[in-house]
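Asker: Sequence:
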Amino acid sequence: MRISTIQAFNNGVQGLQRNYANATRTQEQISSGNRILTPADDPVASVRLLQLEQQQNVLTQYNDNLTAAKNGLTQEEVTLNSVNTILQRVRELAVQAGNGALSNADRKSVALELGERENELLGLMNSRNARGEYLFAGFQGKTQPFVREADGSYSYRGDEGQRKLQVASSLELPISDNGKKIFQNVTNAGRLDSLLDISAAPGSSLSVSAPLVQDEVAFSGTPAFPAAGIGIRFTSDRDYVVYDQASPPTFPLTLPDPLVLASGSLDDKPDISDQLVFRGVSLQFDGAAVGGESILVAADPARQKQGILETIASLRTSLEGAASTNSQVRDAVAVALTNLDHGMTTVDGVRGEIGARLNIIDSTQTDNEDVSLVNKGVQADLRELDYAEALSRLSFQSIILEAAQQSYVKISSLNLFNQLR
Numbered sequence: 115m116r117i118s119t120i121q122a123f124n125n126g127v128q129g130l131q132r133n134y135a136n137a138t139r140t141q142e143q144i145s146s147g148n149r150i151l152t153p154a155d156d157p158v159a160s161v162r163l164l165q166l167e168q169q170q171n172v173l174t175q176y177n178d179n180l181t182a183a184k185n186g187l188t189q190e191e192v193t194l195n196s197v198n199t200i201l202q203r204v205r206e207l208a209v210q211a212g213n214g215a216l217s218n219a220d221r222k223s224v225a226l227e228l229g230e231r232e233n234e235l236l237g238l239m240n241s242r243n244a245r246g247e248y249l250f251a252g253f254q255g256k257t258q259p260f261v262r263e264a265d266g267s268y269s270y271r272g273d274e275g276q277r278k279l280q281v282a283s284s285l286e287l288p289i290s291d292n293g294k295k296i297f298q299n300v301t302n303a304g305r306l307d308s309l310l311d312i313s314a315a316p317g318s319s320l321s322v323s324a325p326l327v328q329d330e331v332a333f334s335g336t337p338a339f340p341a342a343g344i345g346i347r348f349t350s351d352r353d354y355v356v357y358d359q360a361s362p363p364t365f366p367l368t369l370p371d372p373l374v375l376a377s378g379s380l381d382d383k384p385d386i387s388d389q390l391v392f393r394g395v396s397l398q399f400d401g402a403a404v405g406g407e408s409i410l411v412a413a414d415p416a417r418q419k420q421g422i423l424e425t426i427a428s429l430r431t432s433l434e435g436a437a438s439t440n441s442q443v444r445d446a447v448a449v450a451l452t453n454l455d456h457g458m459t460t461v462d463g464v465r466g467e468i469g470a471r472l473n474i475i476d477s478t479q480t481d482n483e484d485v486s487l488v489n490k491g492v493q494a495d496l497r498e499l500d501y502a503e504a505l506s507r508l509s510f511q512s513i514i515l516e517a518a519q520q521s522y523v524k525i526s527s528l529n530l531f532n533q534l535r
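Read in the working numbering, the sequence shown has 165 at position 51, and its numbers run on one by one without any break.
To be clear, the hints were calculated from the coordinates, so they are not data collected in a lab. Quick caveat, the model's predicted, so the values are computed rather than measured. One or more of the hints may lead you astray.
[Claimed, not checked] EDC-like, lysine to aspartate or glutamate: derived pairs with alpha carbons at most 20 Å apart:
{"#": "1", "residue 1": "Lys-184", "residue 2": "Asp-476"}
{"#": "2", "residue 1": "Lys-294", "residue 2": "Glu-234"}
{"#": "3", "residue 1": "Lys-294", "residue 2": "Glu-247"}
{"#": "4", "residue 1": "Lys-278", "residue 2": "Asp-178"}
{"#": "5", "residue 1": "Lys-294", "residue 2": "Glu-424"}
{"#": "6", "residue 1": "Lys-184", "residue 2": "Asp-462"}
{"#": "7", "residue 1": "Lys-184", "residue 2": "Glu-424"}
{"#": "8", "residue 1": "Lys-184", "residue 2": "Glu-286"}
{"#": "9", "residue 1": "Lys-419", "residue 2": "Asp-329"}
{"#": "10", "residue 1": "Lys-295", "residue 2": "Asp-178"}
[To be verified] Have a look at the derived ranges for each label pair, beta carbon to beta carbon:
{"#": "11", "residue 1": "Thr-364", "residue 2": "Gly-266", "range": "45 to 53 Å"}
{"#": "12", "residue 1": "Thr-193", "residue 2": "Val-485", "range": "50 to 58 Å"}
{"#": "13", "residue 1": "Arg-271", "residue 2": "Val-404", "range": "19 to 27 Å"}
{"#": "14", "residue 1": "Ser-196", "residue 2": "Ser-334", "range": "26 to 34 Å"}
{"#": "15", "residue 1": "Thr-188", "residue 2": "Arg-352", "range": "58 to 66 Å"}
{"#": "16", "residue 1": "Gly-266", "residue 2": "Asp-455", "range": "21 to 29 Å"}
{"#": "17", "residue 1": "Thr-193", "residue 2": "Ala-402", "range": "45 to 53 Å"}
{"#": "18", "residue 1": "Arg-242", "residue 2": "Thr-181", "range": "14 to 22 Å"}
{"#": "19", "residue 1": "Glu-467", "residue 2": "Asp-273", "range": "17 to 25 Å"}
Backbone N, C-alpha and C fix where the C-beta goes; we use that ideal spot for every residue, glycine too.
With the hints as constraints, model all of the structure from the sequences given.
Answerer: Pasting the structure below:
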């Protein structure tokens, strides 16, 4: 086979270029520390590295979301802790206001601090986050959630939404709680009404307090408080019976009667208030009964829930009223104390939920860091260079390149190369 001069020269030059390119590539690998400089170096590893890089970017976004969620929940928890502190102080004031020895001036003094605490609480309920959005407005972050109306009542202008952030591939974490859930949907201990009828008891001075649901478990347990309400009938100046309004017995009756749910007697001391407690509901009797008095106790559907601010405002109004009697103040204090306990229980419940979410954030951050560490290890195995092998390979390629250059000089036998020697 004949080989032309130009073919011999081209083969020699191509060999030199190929060996020089191999040595240069190895030098670039050593300089960058990466085994893969282009996808062509290792297509399978390149695809895997791209997938790992994408997963790493997703983990970075999850970590950013976790940080944002932790900041938001921490601010909410701090705010609710301040709310709880105020409610504790309001409860102390309510207990103080229940002292029957206080004068009207003393009560107004207590009401004055209640008003200040009420304003402070309103400010906390309208707290904003670092972005200027209201914490407790649900999805309506730009709308002030709690507003005091012209008549002194309060209204909630937000919604019942709960914001969430995705913090893992299959986990969305709530990062807020709406104000209606925390501050408005509080069980109202004063959701029952009573109606006293003394038309059949001439000369009666009996009076009855507002019904108070003081034990929610007994009220809704088994047997529960009758849905239709109860009736109380005095059969003498001291004795009474309790019956279900849905199935009232026929009076006068002879005990025992299957339609009578309970019976009792008033204290024989006329100056002492008597208390009736039936399935979690308590009533206070004042004055003297003569027999024949009837009392109906039933639920008011419009008063099943009462906001914390409304509870404080109602107590403050009762203490400010110059015409309020001791019994009226007593009833207002009793309802306020129970409702404040319900409100603090609700707030503490939400704080517990926040604590659980913060624990989830901590564990998720740890999981993400572990996954990220594993990813970086796999990326290092796929991408990073074995320096000992690369340096040995570079030395070998340099020898081959030098030998190729010398062989080319010998084979070409060109005068120019001879002179260069």
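Asker: 14 to 22 Å was suggested as the range; check whether the CB atoms of Arg-242 and Thr-181 agree with it.
Answerer: 19 Å, holds
Asker: Can you tell me whether the CB distance of Thr-193 to Val-485 sits inside 50 to 58 Å?
Answerer: 33 Å, violated
Asker: Given the proposed pairing of Lys-184 with Glu-424, does the C-alpha separation stay at or below 20 Å?
Answerer: 31 Å, violated
Asker: CB of Arg-271 to CB of Val-404, is that within 19 to 27 Å?
Answerer: 52 Å, violated
Asker: Keeping to a limit of 20 Å between CA atoms, is the pair of Lys-294 and Glu-247 held or broken?
Answerer: 16 Å, holds
Asker: Mind checking the alpha carbons of Lys-184 and Asp-462 for me, to see if they're no more than 20 Å apart?
Answerer: 18 Å, holds
Asker: Kindly confirm whether 45 to 53 Å is satisfied by the beta carbon distance between Thr-193 and Ala-402.
Answerer: 51 Å, holds
Asker: Just tell me: holds or violated, for the beta carbon distance of Glu-467 and Asp-273 against 17 to 25 Å?
Answerer: About 19 Å separates the Cβ atoms of Glu-467 and Asp-273, which means 17 to 25 Å holds.
Asker: Do the alpha carbons of Lys-184 and Glu-286 lie within 20 Å of each other, as the hint requires?
Answerer: 13 Å, holds
Asker: Run the distance test for Lys-278 versus Asp-178: straight-line Cα separation, threshold 20 Å.
Answerer: 14 Å, holds
Asker: Starting from Lys-295, check that the Cα of Asp-178 is at most 20 Å away, please.
Answerer: Violated, at roughly 28 Å.
Asker: Holds or violated: Lys-294 and Glu-234, Cα atoms, limit 20 Å.
Answerer: 18 Å, holds
Violated hints for the displayed structure, listed by number in ascending order: 7, 10, 12 and 13.
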